[in-house]
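Enquirer: All chains should be modelled from the sequences, with the hints used to inform the complete structure.
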Amino acid sequence: MAVYKRRYNSYTGSLTPQWSRFFVLTRFAFADLFKSRFFVLLLILCIVPCLFAAGYIFVANNKTLQLLMQLRSDMDLFKVESQYFIVIMMVQTQAAFLLNCWVGPVLIAGDLTNGALPLFLSRPFSRTDYVLGKLAVLGLLLSAVTWVPCLLLFGLQSGLARNGWIWSHLWMVVPIVLCSAIWILTLSLLSLAVSAWVKLRIVATGIIFITFFIPAGLGEMFNAIMSTIWGRLLNFSYMFQLIVSHGFREESGRLARRGWDEIPIPAAWGSLICLCLLALVILNARLRARETVRG
Amino acid sequence: MTTPTIELNGLEVQLGGRTILHGLTGVLKSRAIGLLGPNGAGKSTLINTLLGFHTPSKGSARVLGLDSHTSGKQLRSLVGYMPENDAFISKMSGVRFVRYMAEISGLPSEQAMERAHEAFVYVGLGEARYRPVGTYSLGMKQLAKLAQAIAHGPKVLILDEPTNGMDPPARKRLIELIREIREASDICLLLSSHLLRDVEETCDEVLILRNGQIASICNLAEERRANRKFLELETIGAEASFTSALESIGCECAVFSSGRIKVVMPDSVEIREVFKVAADRGVQIRRMNHRRDSLEDIFLNAMEQSGAADGRL
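Protein chains in written order, with the working numbering: chain U, 1 to 295; chain Y, 1 to 313.
One or more of the hints may lead you astray.
[As the list claims (entries may be wrong)] Computed cross-link-like contacts, DSSO-like style, restricted to lysine-lysine with a CA-CA straight-line distance of at most 27 Å:
1) Lys155(Y) to Lys172(Y)
2) Lys199(U) to Lys91(Y)
3) Lys79(U) to Lys63(U)
4) Lys155(Y) to Lys35(U)
In case anyone wonders, no lab produced these hints; they're calculated from the structure.
Expert: Next up, the structure:
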């Protein structure tokens with residue numbers, strides 16, 4: 001089928017491994033994303049807080065600089081402990097949420113708008129491969145603004161603090177990775193489900209926001225009417241905060257003062273898992289090569 | 001013994017609680033198979049089942065010996081599919097779209113790019129390959145769909161209504177392309193269409209569906225080889241005795257509505273004997289055509305016979 005010959009030839013060359021093909025979707029999606037200046041700007045803005053956090057660590061470990069800034073060492077302003085990482089995690093997960101709101105809604109909608117999905121699924125490529133490929137886009141992107149910079153900050157602090165700081169705080173690596181992972185998974189599945197359901201970006205973004213705010217409000221109404229606390233299970237971002245606080249062994253922290261830790265941790269996990277399952281159900285219903293008309 | 005291209009064993013498919021395909025059984029051995037039938041006959045459902053999109057509720061379907069349900073992934077690695085409806089990513093340039101699809105089929109990046117360019121030039125869209133697919137005309141979109149179906153060099157090419165929305169010159173060019181692809185390689189072709197000419201010009205065997213059932217399986221290649229000629233008669237006053245008299249002298253007859261009769265004559269029988277039989281029985285022959293059996297006749301015959309069977313026509 002050479003261009004100059006203009007005749008059809010079958011392909012006899014090598015093929016890529018089956019398991020790696022889902023990554024083609026990821027690669028093409030990234031190529032499209034990085035064509036947008038707004039996206040690049042948003043990505044940079046999402047990483048900016050980490051630069052300030054790195055500056056904070058640098059100052060916290062530099063007594064000379066603290067003296068130059070005329071800070072008394074007994075003020076104990078610069079402590080890099082679990083509370084510090086909770087704050088960083090919260091800031092970065094919110095940044096991840098914004099990034100997800102921009103990227104997620106177009107990932108599947110673009111393929112569904114003009115019926116391209118059957119072309120994917122008529123190849124040796126399953127619906128699972130398709131979802132994995134799209135999830136990998138958000139997974140990699142949101143990782144780049146959540147656990148990866150947090151681990152880099154952890155590494156920076158370990159390097160500067162010395163005195164065995166790393167060994168006494170090594171346990172924090174687990175909550176940093178695990179909490180980021182559950183947040184990334186929840187956001188990614190939710191935005192993919194919305195993308196498979198709604199074709200317009202602005203509407204899809206609105207639905208993602210609504211998912212986090214409307215159920216939380218309804219939950220509080222339920223609490224007020226029924227004099228209970230279980231309505232908070234619909235407040236997904238607070239369920240996540242609860243998991244983060246628990247992960248960083250901060251039960252008696254900020255949330256406890258507000259009475260949020262009355263919800264058991266397994267229930268908080270259950271709430272986020274239910275949201276993920278709901279998203280999977282929507283994806284399962286929408287990602288079909290052919291729609292079946294009932295009746 | 002060669003593996004049949006398509007093998008249907010009591011294939012039944014239910015969608016949304018309705019049975020769409022009713023126990024299809026048949027073996028199609030030719031390299032170019034046409035799928036014919038009126039709207040709603042079940043052509044697209046059959047194609048979707050062969051691709052593994054629908055699970056058979058009973059029976060099975062095999063393509064090149066691979067079960068569409070149990071070996072779906074393996075089967076799809078051999079297939080190039082051109083769907084009936086719009087299927088493209090509007091913001092992508094044509095060549096990038098085809099490269100994307102080829103990479104998903106397993107071609108390494110460089111080869112996929114090379115094949116995408118070749119496929120685009122081959123289908124005649126070389127000049128438009130860098131334009132977004134969303135800006136293409138309907139005919140160009142059809143050609144882009146064909147390009148993505150052949151770029152990875154499939155062993156089975158499934159084309160669902162490929163000439164939909166194309167003007168006559170574009171249709172002619174596409175049919176030529178399909179014939180060229182068929183002749184240039186050992187590719188098997190399954191072409192679904194309601195345009196008889198498309199099927200007649202490209203296929204060797206035809207599967208005719210009606211109401212989800214097989215109305216006929218006809219080997220066009222054999223028909224062409226046999227080159228059977230027949231008389232098409234329009235008569236007045238013809239009764240069963242007339243056709244049985246013709247059959248007694250060695251003719252095969254098929255009776256249609258409004259006194260139309262098709263008579264296949266053996267070489268030993270001459271036309272004058274038909275006139276003699278008609279005269280003996282007082283049958284008026286108002287028109288007589290001496291012609292070859294066309295796909296249209298086969299199709300209409302299949303429709304009328306299956307219609308008579310279920311009492312609709």
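Enquirer: Next, verify each hint and record whether it holds.
Expert: Evaluated hints:
1. Lys155(Y) to Lys172(Y): holds (24 Å)
2. Lys199(U) to Lys91(Y): Measuring from Cα to Cα gives roughly 14 Å; hence the hint holds.
3. Lys79(U) to Lys63(U): Given that 27 Å is the threshold and the Cα spacing comes to 13 Å, the pair holds.
4. Lys155(Y) to Lys35(U): Judged against 27 Å, a Cα distance of about 36 Å means the pair is violated.
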